[in-house]
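Colleague: Protein sequences appear in the order of chains A and B. In this text, residue positions in the first sequence follow the working numbering: the first is 1, and each later residue adds one. In this text, residue positions in the second sequence follow the working numbering: the first is 1, and each later residue adds one.
One should not assume that every hint holds.
[Stated by the list, open to error] Label-pair restraints from in silico Cβ distances:
1) A:S37 to B:S118: 20 to 26 Å
2) A:T42 to B:E143: 20 to 26 Å
3) A:I30 to B:G59: 57 to 63 Å
4) B:L111 to A:M111: 26 to 32 Å
5) A:S77 to B:E74: 58 to 64 Å
6) B:E143 to A:E107: 21 to 27 Å
7) B:P96 to A:Q80: 40 to 46 Å
8) B:G34 to A:I12: 41 to 47 Å
9) A:K81 to B:E82: 33 to 39 Å
10) A:T17 to B:G34: 32 to 38 Å
11) B:F88 to A:I110: 33 to 39 Å
[To be verified] Residues from chain A shown here face chain B by an in silico Cβ test under 10 Å; the list is partial:
12) L39
13) L75
14) N78
[What the hints assert, rightly or not] Quick list of in silico lysine-lysine cross-link-like pairs, DSS-like style, CA-CA up to 30 Å:
15) B:K159 to A:K106
16) B:K159 to B:K125
17) A:K41 to B:K131
18) B:K50 to A:K114
19) B:K131 to B:K50
20) B:K60 to A:K81
21) B:K159 to A:K81
22) B:K159 to A:K87
23) A:K114 to B:K159
24) A:K43 to B:K60
25) B:K45 to B:K125
26) B:K45 to A:K86
Because the hints were derived from the structure by calculation, they are not lab data. In this text, a Cβ means the ideal position worked out from N, Cα and C, and glycines have one as well.
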Amino acid sequence: MKILFKNSRGQIGETLTWVVATIIILVILIFFIFGSSLLGKTKSVGTFRESLTSSKTTLNSDIFLRKSLFTYLSLTSNDQKQALEKKIVSIYWDKDPDGEYNQTRKEILIMYNKKR
Amino acid sequence: MSNKKGEKLISVYWFAILVIVATGIVLMVNSFYGKTYDVRDVESKILADKVADCIYFGGKVNSLLLTPQGVFREDFRDRFMELCSLNFDVKGEFTPTPYYVEVQFFSFGDLRVMFETSVGNNNFKPDCNSKVENAEKLAKCNENQFYMKTNSNKIYLVKILSIVGKTDENTF
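Could you put the whole structure together from the sequences, leaning on the hints where they help?
Modeller: Okay, here's the thing in structure tokens:
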């Protein structure tokens with residue numbers, strides 16, 4: 001009777017080990033499935049993979065800002081220049097807190113002076 | 001005898017684990033590679049860049065947009081696609097085009113619309129103002145603006161709205 005009891009205790013212990021192992025395997029699997037599904041959702045170029053589309057990678061700066069600055073520099077009237085600068089700043093200041101506006105402005109100024 | 005039974009049970013267990021792990025791997029691969037890359041945002045930006053370059057490039061306005069007197073030419077509106085080298089054709093004869101471009105020219109001071117033109121499928125336009133949770137199933141819109149100066153020293157604010165639909169190809 002004692003031997004039978006000992007054997008069943010051993011069996012319970014062994015079964016428990018496998019049950020725990022199975023649970024761990026399942027949890028890891030679910031975690032990885034969930035992870036890969038989350039990663040799959042980042043396959044939106046532009047929203048997530050910014051390095052591919054950022055203006056710094058492609059053209060160094062925003063093409064529309066460059067055009068506006070070119071217009072600003074080609075103006076002859078100071079009043080018009082001031083008014084336009086205010087408008088450009090109001091559009092781009094919120095857009096680019098990193099100072100891309102100032103950087104692009106410097107670049108365009110150099111380009112414009114060379115062109116002249 | 002009982003040992004053999006136990007071994008059999010363990011073999012069945014291992015087989016079950018193998019099946020579970022294999023199914024898990026298939027699910028993982030499917031959930032990652034099954035999703036397509038959504039490039040519509042970039043596509044609409046490229047479209048807007050191309051249209052902007054067509055209208056105003058290197059500080060010069062397209063000579064076909066304005067008359068020498070500085071008046072907008074109506075035939076630019078009619079031949080917009082041809083003059084800006086745009087091609088919105090898609091595979092399939094009866095498939096509606098998934099693109100839409102709208103260009104508006106505003107006067108500098110009072111922001112009145114002086115001229116506007118649009119091409120493509122304008123059914124996507126309401127998607128731009130829609131604020132729903134599952135926005136990936138809607139068309140991607142991009143609105144850009146810049147200032148241009150004409151030969152007669154007039155300044156215009158140019159607003160370009162570019163939309164790419166392709167909801168079936170990019171989302172599921």
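Colleague: Verify the proposed pairing of K131 (chain B) with K50 (chain B), using a straight-line Cα cut of 30 Å.
Modeller: Given that 30 Å is the threshold and the Cα spacing comes to 28 Å, the pair holds.
Colleague: Could you tell me whether the CB distance from I30 (chain A) to G59 (chain B) stays inside 57 to 63 Å?
Modeller: holds (59 Å)
Colleague: Measure nothing beyond the straight line between the CA atoms of K159 (chain B) and K125 (chain B); if it is 30 Å or shorter, mark the hint as holding.
Modeller: The hint holds at about 15 Å.
Colleague: Going straight from one Cα to the other, do K114 (chain A) and K159 (chain B) come out at no more than 30 Å?
Modeller: At roughly 29 Å apart (the allowed maximum being 30 Å), K159 (chain B) and K114 (chain A) satisfy the hint.
Colleague: Do the Cβ positions of L111 (chain B) and M111 (chain A) conform to the proposed distance bound of 26 to 32 Å?
Modeller: holds (29 Å)
Colleague: Could you say whether the range 33 to 39 Å given as a hint is met by the Cβ separation of F88 (chain B) and I110 (chain A)?
Modeller: With a Cβ separation near 38 Å, F88 (chain B) and I110 (chain A) satisfy 33 to 39 Å, so the hint holds.
Colleague: Verify the proposed pairing of K50 (chain B) with K114 (chain A), using a straight-line Cα cut of 30 Å.
Modeller: Judged against 30 Å, a Cα distance of about 25 Å means the pair holds.
Colleague: With respect to the beta-carbon atoms only, verify the hint that E143 (chain B) and E107 (chain A) lie 21 to 27 Å apart.
Modeller: holds (24 Å)
Colleague: For a C-alpha distance cap of 30 Å, please report whether K159 (chain B) and K106 (chain A) respect it.
Modeller: holds (24 Å)
Colleague: That 40 to 46 Å hint for P96 (chain B) and Q80 (chain A) (C-beta), does it hold up?
Modeller: holds (43 Å)
Colleague: Are the Cα atoms of K60 (chain B) and K81 (chain A) separated by 30 Å or less?
Modeller: Holds - the C-alpha atoms of K81 (chain A) and K60 (chain B) are around 17 Å apart, at most 30 Å.
Colleague: For the restraint on L39 (chain A), tell me whether the closest CB of chain B is nearer than 10 Å.
Modeller: The hint holds - L39 (chain A) has a Cβ within 10 Å of chain B, the shortest such distance being about 6 Å.
Consistency with the previously given hints fails for numbers 1, 5, 14 and 24, ordered from lowest to highest.
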